[in-house]
Amino acid sequence: MESELCIRMLKALADHTRWSIVRELLKETLTVNEISERVSASQYNVSKHLRILREAGIIETCKSGKSVNCRVIEEFRHRLSKSGRTLNLGCCSFHFDRVKPRSASARATF
Numbered sequence: 000m001e002s003e004l005c006i007r008m009l010k011a012l013a014d015h016t017r018w019s020i021v022r023e024l025l026k027e028t029l030t031v032n033e034i035s036e037r038v039s040a041s042q043y044n045v046s047k048h049l050r051i052l053r054e055a056g057i058i059e060t061c062k063s064g065k066s067v068n069c070r071v072i073e074e075f076r077h078r079l080s081k082s083g084r085t086l087n088l089g090c091c092s093f094h095f096d097r098v099k100p101r102s103a104s105a106r107a108t109f
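Note that numbering that gives the first Met the number 0 has the sequence shown beginning at 0, numbered continuously upward.
The hints are all genuine.
Below, simulated DSS-like cross-link-like pairs (lysine-lysine); rule was C-alpha separation at most 27 Å, straight line:
id	residue 1	residue 2
1	Lys10	Lys26
2	Lys26	Lys65
3	Lys10	Lys62
4	Lys47	Lys10
5	Lys10	Lys81
6	Lys26	Lys47
7	Lys47	Lys62
8	Lys81	Lys26
9	Lys62	Lys26
10	Lys65	Lys47
Source of the hints: derived by calculation from the structure; they are not laboratory data.
Model the full assembly from the supplied sequences, consistent with the hints where possible.
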């Protein structure tokens, strides 16, 4: 991984709210409103955090009618170990509790 990309990802993941958002999005695709409810933050603040995560190459968004669906991009998801407990960014690795997807039917598609 390019060092600039690694630095952007590390900066994005260094914030507790953004880390919580990524953990929720690793489970399933969510709308901005759903993320706001799950991380107990205003929609305005969640939108600011999502912009930072998108610019860091961690998530992508897709407008669907009046809603905006958010999900972790596949390249970032591939950096997870098979157990889902380790995230390897190339420059460093993170170890965390297992993240389990809710269900295949609960995931929105882009």
